[in-house]
Amino acid sequence: MRRSQILISATIVATPVALSAGSLWAQERGYFPARPTGVSLNKVVGTLLDYGIGNQSGSFTIRESDGRVLEFYVGQAMRIGDKIVRCTVPPIKDFVPDPQLCADWPTNVKLGSTEVRVVYWRSEHEGETVSVSDEINPLP
Amino acid sequence: MIVKLRTMFSLRPQALLAHCILVLWMLCVAPCVRGITYAESAPDLRQSCVHFGGEIEATAHKYRLDPTLLAAIAAQESGSPGEDSGNNIIGDHGYGYGLFQIDARPRSAHMDFTSSPNAMVPAYNADYAGLILRNFLRKYGDINDAVKAYNAGIPMCGDNKTSWPSIGQKLCYLDSVLKHQQDIVTHQQDPSYHC
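Chain order of the listed sequences is A and B.
Sequential numbering from 1 applies to the first sequence in our numbering.
Sequential numbering from 1 applies to the second sequence in our numbering.
Everything labelled a hint here was simulated from the structure, so no lab data went into it.
Where a beta carbon is used, it is the ideal one built from N, C-alpha and C, also for glycine.
You may find that some hints are simply not true.
Covered stretches of chain A (in silico footprint by chain B; criterion: 3 or more residues with CB under 8 Å from a CB of chain B, positions within the stretch not fixed) [what the hints assert, rightly or not]: (1) 35-41; (2) 70-79; (3) 87-97.
Here are some chain A residues pointing at chain B (derived, C-beta under 8 Å) [unchecked claim]: (4) R29; (5) G52; (6) G54; (7) N55; (8) S57; (9) I84; (10) Q100; (11) L101; (12) C102.
Mimicking EDC-like on lysine to aspartate or glutamate, the simulated pairs with C-alpha atoms at most 20 Å apart in a straight line are [claimed, not checked]: (13) B:K170 <-> A:E126; (14) A:K93 <-> B:D145; (15) B:K170 <-> A:E128; (16) B:K161 <-> A:E128; (17) B:K161 <-> A:E126.
Work out the full structure, taking the sequences as your base and the hints as a guide.
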């Protein structure tokens with residue numbers, strides 16, 4: 001790479017940072033854990049109720065047949081069915097998200113009605129034991 | 001100085017000119033193009049010295065959101081307790097981009113935005129945050145739920161993580177944003193408040 005290209009690239013990255021150097025900020029570290037090698041995996045079946053990716057974490061909920069609602073953090077990266085899904089705010093009922101935020105939500109997965117099998121593992125987050133999933137499989 | 005720069009990097013005049021134009025574009029032009037004009041928008045936030053108030057006001061106007069709430073989210077994301085807005089920084093260990101700390105992890109829809117230089121231009125960063133918040137508001141129909149989802153994806157308040165020394169409490173994401181907003185509104189209404 002030529003030096004002029006390096007200089008221009010460095011400027012793109014450095015200018016905004018340099019303008020605010022020394023500031024404190026409240027931004028916490030995001031939580032999008034990757035599946036640890038060899039981790040013990042669990043499976044649970046339920047109706048997918050809600051799903052979304054925020055700027056610090058992603059989450060989804062399912063309702064088991066006994067009515068119990070379970071909450072999961074979204075791992076990196078999320079596979080729904082047979083593909084990686086990048087969608088951050090999926091459609092539900094009459095709500096259609098902006099395509100910039102969700103262009104690849106599987107058409108056979110409907111929030112509020114689709115039965116899914118969730119593959120998850122247990123992890124520690126902020127001093128609590130939580131469930132993390134990177135795989136949701138819609139049931140036929 | 002230009003001669004110094006040329007010597008330091010052995011740049012041809014054309015390369016140096018391109019570099020200068022790029023810097024000027026980032027600082028002056030980019031925030032005003034593609035419909036994100038804010039110079040003539042409501043001046044409230046800027047009058048009360050909220051950092052990036054113009055960009056926030058323009059976004060609020062475009063997406064019909066409360067500008068004080070957007071400023072509060074910026075303060076929560078890239079500012080600190082007691083601040084009325086945020087900073088244009090890369091945080092979250094390299095994954096949080098700009099004023100509204102848009103998440104840049106791979107395999108997320110936000111990656112399309114964060115992989116462009118516009119991600120670090122406050123006007124575009126605010127605009128993208130407004131788009132996210134507006135979508136969550138359309139989805140949930142409640143602004144508090146939308147703010148929670150902006151952080152966690154679904155309406156979860158989250159852990160009490162943000163420490164506010166002024167009140168001696170740790171607040172969850174939504175409560176901390178609302179505390180910022182309350183402070184911003186108080187400062188706006190206080191003629192003696194100096195930034």
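Worksheet item: Failing hints, ascending?
Response: 1
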